[in-house]
Structures are given as structure tokens and as C-alpha cells.
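Please put together the full structure from these sequences, using the hints given.
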Amino acid sequence: SAVISQKPSRDICQRGTSLTIQCQVDSQVTMMFWYRQQPGQSLTLIATANQGSEATYESGFVIDKFPISRPNLTFSTLTVSNMSPEDSSIYLCSVDPVRNNEQFFGPGTRLTVL
Amino acid sequence: AQSVAQPEDQVNVAEGNPLTVKCTYSVSGNPYLFWYVQYPNRGLQFLLKYITGDNLVKGSYGFEAEFNKSQTSFHLKKPSALVSDSALYFCAVRDATSGTYKYIFGTGTRLKVLA
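Quick note, the sequences are listed as chains A and B, same order.
Position 5 of the first sequence, counted from 1, bears residue number 5 in our numbering, the numbering being contiguous throughout.
Position 9 of the second sequence, counted from 1, bears residue number 1009 in our numbering, the numbering being contiguous throughout.
By construction, these hints were calculated from the structure, which means they are not laboratory data.
Nothing here was measured: the structure is a model prediction, and the numbers come from that model.
Please note: incorrect hints may appear among the correct ones.
BS3-like mimics (lysine-lysine), calculated; alpha carbons at most 25 Å apart, straight line [claimed, not checked]:
1. A:Lys7 x B:Lys1069
2. B:Lys1069 x B:Lys1049
3. B:Lys1049 x B:Lys1102
4. A:Lys65 x B:Lys1112
Taking beta-carbon pairs under 10 Å as the criterion, some of the chain A residues facing chain B (in silico) [to be verified]:
5. Ser1
6. Ser9
7. Ser27
8. Gln37
9. Pro39
10. Leu45
11. Gly60
12. Glu102
13. Gln103
14. Arg110
15. Leu114
Heads up, the beta-carbon is just placed ideally off N, CA and C, and yes, glycines get one too.
Take a look at the structure:
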């Protein structure tokens, strides 16, 4: 298993600003994922972030809006840039510590954009 | 393309009664199937998974799920529901033969256990 922490746990931001969300894992993992969960909806994968390579973005998500860093095997950041109220969501990171096994999720960051 | 369907937005059950939360999937290859639970203001917690082997999978908190290949289903079950089981449940699938580790999540089913 893996224990994952995220910072901040929640934030209220003004439109046009940016927020960087941190994800820290208690063990080294190759594969890390970032999801968005809009209010009352399911999880949508934003991107896959593997250490040592560029993040792979899903359809509808672009690097300019959601830049991701993955400097080492225990840490990643997701930035939500030039925010609008439509970006209000819960953002979750997850890891797959053993390929072909289950993903473990962080507690999420609840973002509200005014 | 992969997809997951959870046909019920909400399931209500009386405490002590058996519960079922439905999930059907579509993948072109072999499916890896998962159930997660989300409590209010919390992240997702893993409940159980089907990778291979026995079709009946047992997981955390007394939950189990049955993989049915012919019906492409993976329904979550519990023999006796507790009020504390009230939460949002997500089914997810990964295509094991696609070369991707991407999960597709269902829309979620809110379980309400009535005392």
C-alpha cells in the first residue's frame, strides 16, 4: 500500500490566479495520476505523471492549463492556471505502486474559484 | 474503448438487509475491475479488485463482488448493511491488455443505509 498526502487540503482562489497542489507519497512509485472530481460527478483523469518523462495528458486537458512536475519518485505537483469558476473541483492524486495492482488515492484538494 | 456503467444514482437499503450496487463494464481485452468508496470530504478508499482467478472477490469491511464475464458485470454486495456503509461507491475498470494503466470510473452510486 501507499500513504499519500496532499497540500493544501482546500483553498478558495480568485479567478485569473494559479494554484499549485502538492502530492507526497511515503514510498517510491513510478506511476502517479492526477484526477479531477467536479461537484457531484465522477473522477476524470487529467494526466499520468511518470518520473523522468513528460506527463501524458488526457483529451480535454492541456499542459498550459494544468502543468505537472514530477521531480522524483515520491513527489508531484499539479498547477491549475488562470483559474475560472469552472475549475472548482476536488483534485486528487493517486499512485499505482505495483503495476497491475490497485491505485491508492490521496485525500484530495477541494478548490473553489470565485 | 473502455467504459463503466453504474445504472443507479442512489440505492436505499434498510440496516441489516443485504445490499447490491450494480456495475457493468466494457473493454476490448481482459478487464481489471475495482470498487472504491468515498466518504464525505475524504479521498477514495480501495475496497476490492478482480484481476484473475475466483469470480467471487472478498474485500474490506465485509464487502464482496462477483465477476460475471458473460454479463460483463461486477456487482458489489454485502450480506448485512450497516448505517456506516452509507457513502458514495465507484466502480472502475482497466483494460489489462491495452498497455495502459488508465482507470475508467463509473459515475458513482450513493448508498444510503436506513436505520
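Could you tell me which of the numbered hints above are not met by this structure, giving the numbers in increasing order? 1, 4, 7, 9, 11, 15
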